[in-house]
Amino acid sequence: MMKLEAIIQPSRFESVKDALREVGIEGMTVTEVRGHGRQKGHTEVYRGREYTVDLLPKIKLEMVLPDKLVNTVVDTILKTAKTGKIGDGKIFISRVEEAIRIRNEERGESAL
Amino acid sequence: MKRAVWCCCLAVSIFLLVNPAHAQQAPASSTSVSTSPASTQVSKEVSDKLAQLDQRVTAAQAAGDNAWMLTSAALVLMMTGPGLALFYGGLVRRKNTLAIMMQSFAMMGLISVLWALVGYSLAFGGDGPFIGNFQFAFMRGVGMDPNVDYAGTIPHLTFMIYQMMFAVITPALITGATAERMKFSGTVLFMTLWFLLVYAPLAHMVWGKGGFLNAAGGRFPCLDFAGGTVVHISSGVSALVCALYMGKRIGFPKQPMPPHSLVLSFIGACLLWVGWFGFNAGSALAASGLASSAFVATHLGAAAAAMGWSAAEWLKNGKASALGAISGAVAGLVAITPAAGFVKPMPALAIGLVAGVACYLMVTKVKALFGYDDALDAFGVHGAGGTIGALLTGVFAQQIVNPIFGAGKPAGGLDGHWGQVGNQLVGVLIAWGLALVGTIVILKITDLLTGFRANEEAETEGLDISQHGEEAYYLDA
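In the order they appear, the protein sequences are chains A and B. Residues 892 to 1003 (our numbering) make up the first sequence, in order. Residues 9 to 485 (our numbering) make up the second sequence, in order.
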């Protein structure tokens, strides 16, 4: 089992979500986050005072997947989240020790 | 023959009934031709009827005046709550939202009570040059009959409550400079003392009978229609003193502290604009042509200033911001406040435009230059705008709008009476002086008794929690 974290542009989120549903992904956690990689922020001015805003809004998707689905999901996200510009985001993949369904205490890949 | 005369008298008296104005210039001579009992009876009936009509016309005018004045009082209260509360509330960081709103609301409670107990009397009682007396304390003598010294067509109660709303909003303006770091206990004590020692004397000097600066007979007659000096200069200068005394917010100016909700500020600013019609046009104390003139001048001042600030910003930064536009409008409203009932529409535009640009420079350039932390620009907008407006009132006042010094007597510069600018300057200097000295003294007292500035931990945590035990937004609930 692998955990996949994807940080993407908020404007791409709806397309990514729809595409993932089509490849059979049934569960994910979505959070609104702020951050940046190499993307520069922007300047705001309030009554003559300038503020540099370099924490930009992004969407973070987290999902735990059976090993066989990882490549499909990565390809799907790459296809739908990409705009080609700096600020598109990143995908991180890590190994998961265990997954447990709370309702019936199922364990392992069948809990996903 | 007698019958013919009687019929004539009747016809004439019907004519007089329909045209009462003529009746004032044409006394009973038309009915004095015959002295028979029937026509004497008719002339008495006609006189009675005319007197009754006169009374009813006066009552109708008074009803119109009272309706407008009560509405105006409500509009001015709305300027404090929620107008100012929202305007300031949106400009602070989220953790201080309730605190700044609470300070405005507290004035609605505190100053209202103080006004009813002694404040009104100190401001409008007696006929001393510098302060009132206690003749109206506890609302003694304040009833439904008019107070002819101030407003002869409306109940005294109406005049009193209208003035109360001015007293409420003035100290609330000061909280803009001390925002995000002033203790609530210090606020309550400071504002009580400030109201009694600065506002009441200044209001008496400018508007009170016998006042030193009163346009009607004062030693230095100042034109302050709705409170440029009494409200804006006093609070603006006091705000600066407070900001300097209590020091900058932790993290200022390096740490970014942008407004947490310009939506709230926007709504607040619009409520202030609408409410200001009560503030300025209501200062005519009647539903009169002068009220209309003041209403128009107020609106044009706001509009021109909003455009002026926005234009200056557009030129300087390449973008006109929403915050700039609403700040500009408020600056224009401040500047037109002393002038509203004395100037014609075109000068009102000019005053607004000048104030919009000048206050923009005050708030961006001058504040940065001197480095003081007037958090919400109470001095930059009210102190500066009020001073500019007071001086320009001396320039643009015209007796054709308001023959304040007597019929035909010149009012301001445009009438050729340039000395009025000098009188305005005296008023400005006295307001500055009283605000400066008074505020320093009161700050010292407040600091000794309750403390003035919240401690570092309280300020960092946020005043909503440290002063009031609340959070403005419980978004997870």
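Just so you know, these hints were derived from the structure itself, not from any lab. The C-beta atom is built at its ideal place from N, Cα and C for all residues, glycine as well. Careful: at least some of the hints might be erroneous.
Restraint ranges, calculated between C-beta atoms of paired labels, are given here [unchecked claim]:
id, chain 1, residue 1, chain 2, residue 2, range
1, B, 485, A, 974, 32 to 42 angstroms
2, B, 463, A, 920, 38 to 48 angstroms
3, A, 953, B, 369, 29 to 39 angstroms
Listing some non-contacts, in silico: residues in chain B with all C-beta distances to chain A over 12 angstroms [stated by the list, open to error]:
id, residue
4, 121
5, 193
6, 228
7, 325
8, 326
9, 332
10, 375
11, 388
Straight-line alpha carbon distances no greater than 25 angstroms define the calculated DSS-like cross-link-like pairs of lysine-lysine that follow [claimed, not checked]:
id, chain 1, residue 1, chain 2, residue 2
12, A, 931, B, 256
13, A, 959, A, 981
14, A, 976, A, 951
15, B, 417, A, 931
16, A, 951, A, 970
17, B, 256, B, 417
18, A, 976, A, 959
19, B, 417, B, 217
20, A, 931, B, 57
Violations among the numbered hints, reported as their numbers in ascending order:
Hint check: 3, 7, 8, 9, 10, 11, 12, 15, 17, 18 and 20 fail, others pass.
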